[in-house]
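Undergrad: Sequence:
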Amino acid sequence: MSGSIKKRNGNSITHEQFLTKIYKLVGEEYKVLTTYTSSKEKILMRHNICGREFWVRASHFTSSGSRCKVCSFKNMNAKTHEQFIKDIYSTVGEEYTVLGNYERAHIKVLIRHNNCGLEYLVDPASFLFGSRCPECNRKVIGDLKRKSHIEFLKECKHLVGEEYTLLSEYIATNVHVLMRHNNCGNEFTVMPSNFLRGKGCPKCKGKRISMAKTKTHDEFVERVFQLVGNEYKVIGSYEKARKKILMQHTICGHTYQVTPSHFVTGTRCPYCNESKGERIIKEYLESQNICFKREYTFPDCKNIDLLKFDFAIFDKNNSLIALIEFDGEQHFKPVPYFGGKKKYEETKKRDKIKNDYCQNNDFKLIRIPYYEEDISSFLDYQILNNLL
Numbered sequence: 010m011s012g013s014i015k016k017r018n019g020n021s022i023t024h025e026q027f028l029t030k031i032y033k034l035v036g037e038e039y040k041v042l043t044t045y046t047s048s049k050e051k052i053l054m055r056h057n058i059c060g061r062e063f064w065v066r067a068s069h070f071t072s073s074g075s076r077c078k079v080c081s082f083k084n085m086n087a088k089t090h091e092q093f094i095k096d097i098y099s100t101v102g103e104e105y106t107v108l109g110n111y112e113r114a115h116i117k118v119l120i121r122h123n124n125c126g127l128e129y130l131v132d133p134a135s136f137l138f139g140s141r142c143p144e145c146n147r148k149v150i151g152d153l154k155r156k157s158h159i160e161f162l163k164e165c166k167h168l169v170g171e172e173y174t175l176l177s178e179y180i181a182t183n184v185h186v187l188m189r190h191n192n193c194g195n196e197f198t199v200m201p202s203n204f205l206r207g208k209g210c211p212k213c214k215g216k217r218i219s220m221a222k223t224k225t226h227d228e229f230v231e232r233v234f235q236l237v238g239n240e241y242k243v244i245g246s247y248e249k250a251r252k253k254i255l256m257q258h259t260i261c262g263h264t265y266q267v268t269p270s271h272f273v274t275g276t277r278c279p280y281c282n283e284s285k286g287e288r289i290i291k292e293y294l295e296s297q298n299i300c301f302k303r304e305y306t307f308p309d310c311k312n313i314d315l316l317k318f319d320f321a322i323f324d325k326n327n328s329l330i331a332l333i334e335f336d337g338e339q340h341f342k343p344v345p346y347f348g349g350k351k352k353y354e355e356t357k358k359r360d361k362i363k364n365d366y367c368q369n370n371d372f373k374l375i376r377i378p379y380y381e382e383d384i385s386s387f388l389d390y391q392i393l394n395n396l397l
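Residues in the sequence shown are numbered from 10 upward in steps of one, following my numbering.
Treat each hint with caution, since some may be false.
Calculated lysine-lysine pairs in the BS3-like style (CA-CA distance at most 27 angstroms, straight line) [stated by the list, open to error]:
no., residue 1, residue 2
1, 342, 49
2, 342, 352
3, 311, 291
4, 249, 285
5, 117, 252
6, 291, 40
7, 252, 95
8, 253, 373
9, 249, 163
10, 352, 208
11, 352, 252
12, 350, 208
13, 342, 208
14, 51, 291
15, 208, 252
16, 242, 163
17, 302, 357
18, 302, 285
19, 95, 249
20, 317, 358
21, 51, 95
22, 51, 30
23, 242, 311
24, 30, 40
25, 361, 291
26, 117, 249
27, 373, 285
28, 88, 40
29, 95, 49
30, 30, 88
31, 40, 51
32, 249, 311
33, 352, 253
34, 163, 285
35, 117, 95
Don't read these hints as lab results, they were simulated from the structure.
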């Protein structure tokens, strides 16, 4: 194709044409270091003024004005109100309107999200680094958390087979649904979360739900294979649905205890679930050439044992810049799999010790919640702010 990259819309652009486009935009200030493949793929760029290399989506550089974030951050305090307005427009078009007066990068300004009408105060630097309407973000996060009606039906099917029938629409885990126990005909309401934990028909003396037709070890092994193939291996001996069994996630090698009924209804490797956010953080730090260490400890920061911070980042002189913690769901509320209320209280205690230690020693502590959708942008703002 002589270097031509076909786009979905039928147009084509070569690497050389992309280089020409970059030159027209920024002259020799930036250099393209990798081969252009498509507008949606990231390319490696170098800012020749400061020497920083960074990855950016091609379309974001050419159309949205994405540039070296270190230098952009440095220049933000020197911006005029008119320049800030222009930056907002080049980033989001007419989706947002600036209502207040821009003063400095970290003095909040009033902005309106034109799609929903919400007016709110936002840190200008945060906005340009990806922070958007909090109300719409909450709705998106809520939508992602909510299971669909069909997904809930599938979980019920895995758990109880044909023993129970869902009679009403599933809305959320804490909104009661109407169920019928087909064995006795009784209809009753129950919270979906409780039903999936084993709360069954109240007329049948509150008997716990047993996994449908899963009575022997071999049947459980077969059921696991039907659900996940060879990705998980049953290590322990199956006794009953509510008694924990030892499992191994063959992809990462992690061995852990899980309640069989929880596994059948979707609970998977806690290490991989927890480490997904940590993996994104690690990849971000590596992509930015930031020196870091995992599970960093201090001899005087401990509960009973030394407390480990997920990441510690350092400058070129090996001086500590900041500590990073990725906070899973169990840091915010009791989660049965992670030990429920007791473990939640212990987690809160450890988090407080870490928070107090960092505050008393003037260490920057960056906490990233599990529901943060764009960890990279979050870190862009937090780390660049701290480095400068």
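Undergrad: Compare the structure with the hints numbered earlier in the document and write down the numbers of the violated ones, lowest to highest.
TA: 1, 4, 5, 7, 8, 19, 23, 26 and 32
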